[in-house]
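Chemist: With the sequence shown counted from 1, adding 138 to any position gets you the numbering used here.
Bear in mind the hints are in silico, worked out from the structure with no lab data behind them. Every clue listed holds true.
27 Å max Cα-Cα, derived DSS-like pairs, lysine-lysine:
| id | residue 1 | residue 2 |
| --- | --- | --- |
| 1 | K203 | K217 |
| 2 | K175 | K217 |
| 3 | K175 | K203 |
Quick caveat: nothing in here was measured; it's all calculated off a predicted structure.
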Amino acid sequence: QANGVPEVLLHRVIVRESRYHPALVGRGGTIGLMQIKLATARGLGYTGDAAGLRDPNTNLTYALKYLAGAYRAANGDHKRAMAYYAGGYYYAAKR
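Take the sequences, apply the hints, and build the full model.
Modeler: Right, dumping it as structure tokens:
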């Protein structure tokens, strides 16, 4: 477990988001293994540019923080955590 996130959940998110392609840039500006947006990474403390999120270690560092928040907001429910990761969990976390 990293950041309290089970490895199986991390693997499922990576497979769904990029199929382990670290240089993938998706629609809407999502980047890398976990398809995190630059603005989201910045909100989690990232100070580099968009290209830096193509580095797998950098991408995992910030996207895993975001997934950990989604996992906590989902009370450990993997399916809900994946949905929150994909669509945001701000309102769920405020409940």
